[in-house]
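Asks: Sequences listed follow chains A and B, in order. Residue 503 in the numbering used here sits at position 503 of the first sequence, and the numbers go up by one each step. Residue 367 in the numbering used here sits at position 367 of the second sequence, and the numbers go up by one each step.
Calculated directly from the structure, the hints in this document are not laboratory data. By construction, the Cβ of each residue, glycine as well, lies at the ideal position given by its N, Cα and C atoms. One or more hints might be untrue.
[To be verified] Here are some chain A residues pointing at chain B (derived, C-beta under 8 Å):
| hint | residue |
| --- | --- |
| 1 | 20 |
| 2 | 272 |
| 3 | 280 |
| 4 | 343 |
In case you want the letters, here they are:
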Amino acid sequence: MSAAASAAAAPVRESIGIALPGPADVDAWRQQARRLLAAEVPPERVDWHVAGEMPGLFAGAPPPPAEAPVSVSVPRRFLDLAEVAIRHRDPARFALLYRLLWRITHGEHGLMQVATDPDVLRVQAMAKAVRRDAHKMHAFVRFRCVEMPPRSAEGTGPDAPGPRYVAWFEPEHHILEAETGFFIRRFAGLRWSILTPEASAHWDGHTLRMGSGGTRREAPPEDAHEELWRAYYRSIFNPARLKPAAMRAEMPVKYWKNLPEARDIPRLMAEAPRRVAEMVQRGATPPAPRRQRLHVPAQPIAPPDVAEGMAPDLFSGTEDPAAALAALRAELERRNDLPPWTSAATQLVFGEGPVGAPLLFVGEQPGDEEDIAGRPFVGPAGRLFSRAAEEAGITRADAYVTNAVKYFKFKPTGRRRLHQSPDAGDIAYYRPFLKREIELVGPRLIVSLGATALRALTGKPLAITKVRGEPIETPDGLRVFPTVHPSYLLRLPDPESKEREYARFVADLTAARREVA
Amino acid sequence: MDLRRKLEILADAAKYDASCASSGTEKRDSRRGGLGSTEGMGICHAYTPDGRCISLLKVLLTNACVFDCAYCINRASSNVPRARFTVRELVELVLHFYRRNYIEGLFLSSGIIRSPDYTMEQIVEVARLLREEHGFRGYIHLKTIPDASPELLARAGLHADRLSINIELPREEGLKSLAPEKDGPGIRRAMAGLRLRIDEAREAKRTERRAAAPRFAPAGQSTQMIVGADGADDGVVLGTSVNLYAGYGLRRVYYSAYSPIPDASSLLPPAPPPLLREHRLYQADWLLRFYDFTLEEILAGGEGGMLDLGVDPKLAWALRHRDRFPVDVNRAPREMLLRVPGLGAKTVDRLLSARRHRSIRAEDLARLRLPLAKLLPFLVTADHHPRGGVLDRADLRTLVAPRSEFAARAAPRQLVLL
Chain A
1 MSAAASAAAA PVRESIGIAL PGPADVDAWR QQARRLLAAE VPPERVDWHV
51 AGEMPGLFAG APPPPAEAPV SVSVPRRFLD LAEVAIRHRD PARFALLYRL
101 LWRITHGEHG LMQVATDPDV LRVQAMAKAV RRDAHKMHAF VRFRCVEMPP
151 RSAEGTGPDA PGPRYVAWFE PEHHILEAET GFFIRRFAGL RWSILTPEAS
201 AHWDGHTLRM GSGGTRREAP PEDAHEELWR AYYRSIFNPA RLKPAAMRAE
251 MPVKYWKNLP EARDIPRLMA EAPRRVAEMV QRGATPPAPR RQRLHVPAQP
301 IAPPDVAEGM APDLFSGTED PAAALAALRA ELERRNDLPP WTSAATQLVF
351 GEGPVGAPLL FVGEQPGDEE DIAGRPFVGP AGRLFSRAAE EAGITRADAY
401 VTNAVKYFKF KPTGRRRLHQ SPDAGDIAYY RPFLKREIEL VGPRLIVSLG
451 ATALRALTGK PLAITKVRGE PIETPDGLRV FPTVHPSYLL RLPDPESKER
501 EYARFVADLT AARREVA
Chain B
1 MDLRRKLEIL ADAAKYDASC ASSGTEKRDS RRGGLGSTEG MGICHAYTPD
51 GRCISLLKVL LTNACVFDCA YCINRASSNV PRARFTVREL VELVLHFYRR
101 NYIEGLFLSS GIIRSPDYTM EQIVEVARLL REEHGFRGYI HLKTIPDASP
151 ELLARAGLHA DRLSINIELP REEGLKSLAP EKDGPGIRRA MAGLRLRIDE
201 AREAKRTERR AAAPRFAPAG QSTQMIVGAD GADDGVVLGT SVNLYAGYGL
251 RRVYYSAYSP IPDASSLLPP APPPLLREHR LYQADWLLRF YDFTLEEILA
301 GGEGGMLDLG VDPKLAWALR HRDRFPVDVN RAPREMLLRV PGLGAKTVDR
351 LLSARRHRSI RAEDLARLRL PLAKLLPFLV TADHHPRGGV LDRADLRTLV
401 APRSEFAARA APRQLVLL
């Protein structure tokens with residue numbers, strides 16, 4: 001075999017050593033990876049390491065000469081993940097990332113979506129560990145404040161006079177530089193330093209400077225506020241709910257040495273059972289002899305007994321209709337024989353409008369928005385009604401609006417409450433109150449909107465399609481003008497019928513107005 | 001009284017409020033002045049041995065109170081020592097703690113003193129000073145006094161990220177007997193009022209109308225229910241939550257297992273808190289909100305309105321609906337995979353994504369570190385089908401139920417008097 005032939009064959013087997021300038025330098029890694037891809041170097045032939053770390057171990061062949069950069073397209077998801085995972089302390093991270101890149105560019109373009117692939121799982125686990133470490137750093141860095149003495153030299157550097165906040169922290173991965181942004185956003189106006197074994201970060205209120213690693217002794221040994229903080233930590237702990245495993249899961253023991261409050265944990269845990277036993281044993285204590293009292297006597301908190309002196313007049317007498325309406329409303333609010341579903345509603349929604357209004361509109365029941373606001377006709381159907389009424393020449397403020405049923409009946413589903421139609425029993429329950437309300441307002445014409453209102457007024461189920469648009473007289477001698485409920489218009493599926501029915505509704509309201517003109 | 005003693009009393013008085021969340025608000029930072037930031041995700045700066053997170057400085061402004069709620073350590077007739085922060089003292093304390101990175105912000109509540117309006121005004125003043133005089137951009141959660149004036153509530157919402165009103169007890173009757181001064185319907189009306197303003201402010205932000213409604217509690221509202229202080233069963237507790245979520249757009253309902261307090265009222269028996277029950281309620285709450293379970297389905301997994309304490313509510317449901325299983329991990333729709341005990345929403349999404357590329361085998365599930373013993377009786381994979389009859393076995397429950405240390409230790413224990 002000629003020398004030339006063996007020299008040509010050997011490099012194929014030999015591994016290539018790649019030295020990166022920093023432990024989490026994703027740009028350098030990308031640049032090298034692009035070159036390796038261009039030279040079609042398979043992942044198993046590359047040895048990655050950080051320059052200066054363990055020299056001699058990676059004495060592989062020099063990297064291939066820089067070629068014209070190939071353009072490689074990879075999923076965004078891979079790059080996002082690589083940028084985070086490269087901060088992991090595992091020396092194999094560079095090789096893992098290159099292997100993933102190789103597979104993605106060699107026939108497995110959708111690889112990152114295969115959550116069950118061992119390489120994908122591993123890089124995701126790495127990124128997750130790095131994110132967790134960063135999150136714990138945001139949480140567990142504890143600054144100690146040192147007051148820098150005034151000196152002759154002025155300036156804004158780290159030694160400038162005034163308070164300076166210094167923390168010692170031991171991250172698990174190479175995250176310090178990447179996480180300085182968080183602390184700058186949070187403490188932009190303070191001067192601070194975070195010291196770690198590997199590197200340090202210093203912010204003077206304007207610029208960030210990265211420095212070399214340090215030791216715990218370079219950070220201040222104490223801070224006057226730590227005692228207050230520890231007092232808070234001890235006091236907010238509830239000894240009756242000891243769950244130390246939950247605590248350790250979220251605040252792993254490895255962080256404790258740099259958390260001032262963690263010094264109190266052993267004692268808090270040791271004392272907890274005794275404290276609880278004492279509470280239980282002591283049992284109830286007699287009330288304090290000197291009770292806390294209101295300075296100014298507040299309004300009576302229990303509702304006044306409206307029924308007293310009120311009940312006999314509630315359904316008779318119209319001398320002062322406004323006062324009688326208020327009494328009727330109060331009565332409805334305090335009754336304890338309401339249909340049981342009403343307890344799920346927020347509040348009573350009573351009628352609204354001037355006493356003596358010529359037109360009184362009766363709807364079905366309050367909806368979600370009415371229930372929240374405590375006012376009738378303010379939801380989507382109410383807004384549609386107002387628009388139609390104004391178009392029909394009815395001044396909305398001159399009309400009285402109310403509902404046949406005074407509470408919102410619904411079925412909760414997720415984030416919404418679905419309207420439930422009131423049944424015959426609900427309508428019958430509120431009927432006497434509705435009739436009294438009408439009597440006190442004294443309208444010239446009642447417009448019933450929808451089937452429920454019509455049933456409440458007439459006492460029997462009637463088909464609106466047969467009676468709408470003409471005044472009818474109820475057995476009780478009320479003049480009622482039936483039409484549809486505006487929510488019917490909202491439910492129509494196609495714009496064409498929506499428009500037609502809306503026009504018909506406005507025509508009905510116009511006819512009703514003419515009846516009282 | 002020195003500041004440290006005050007802090008001890010007023011933190012001790014606040015610890016029965018479970019919430020400490022600092023999430024879900026707008027993004028802010030201090031690069032253009034002020035102090036602090038919020039970035040969406042909450043941060044827990046420490047954990048106490050009760051397993052709870054410390055995110056906010058959670059204190060009362062004062063623990064003096066004219067109300068006499070039997071379950072509360074601060075009730076008027078309690079013998080606890082009383083203290084009160086001055087507004088300035090508390091503002092300074094928040095800033096000192098925040099600069100040292102101990103906290104995300106403040107959760108301020110108070111006993112009712114003088115009048116609801118006076119109390120609310122003091123609470124709002126702390127928030128106003130922090131925001132306006134100190135440019136504080138951290139998180140503020142204010143407890144809202146239901147009877148306070150609308151104008152004070154508007155100011156509270158202007159400064160706070162989150163507002164909350166505690167519903168306290170799931171049933172009206174419970175409130176009447178244990179918290180006679182509290183007004184259940186009034187609490188719900190106040191929540192409705194908050195929803196109205198939160199919706200308006202959100203809508204204004206979305207549409208950028210010119211006459212926009214002012215900022216109002218961008219992180220929404222939450223509430224807390226005490227569990228185990230009155231006789232309400234889990235069905236009543238969860239039914240109340242369902243109504244609260246649907247009606248008032250609450251971000252969270254917190255369940256707080258009634259905890260014995262140092263100075264207990266004779267109306268409540270001193271007993272260890274039902275921690276496992278609280279845990280199951282949170283699991284059920286999660287299923288209701290993110291897994292499309294209905295309340296009826298969740299209760300069907302238990303007995304007599306109570307959840308099964310022995311297994312989680314999803315497994316309890318599955319054990320009683322075995323005819324729906326096994327489910328094929330390579331074919332089933334998302335909503336059915338979400339019903340499989342041991343599969344969470346994130347895992348389901350990863351499986352859905354992975355199965356488009358290759359068929360999923362049992363070893364893949366193992367690699368995802370899923371609880372195979374719990375899963376496999378309910379699941380079909382490319383290489384696994386539950387052995388014939390495993391779903392019909394009477395002892396399936398013992399095969400799949402976890403033997404968790406927490407479940408064993410948190411189970412209610414009978415107290416014996418000496």
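Asks: It remains to establish, for every hint, whether it holds in the given structure.
Replies: Cross-check of the supplied hints:
1. 20: violated (29 Å)
2. 272: holds (7 Å)
3. 280: holds (5 Å)
4. 343: holds (7 Å)
Hint 1 from the earlier list is the only one contradicted by this structure; the remaining hints agree with it.
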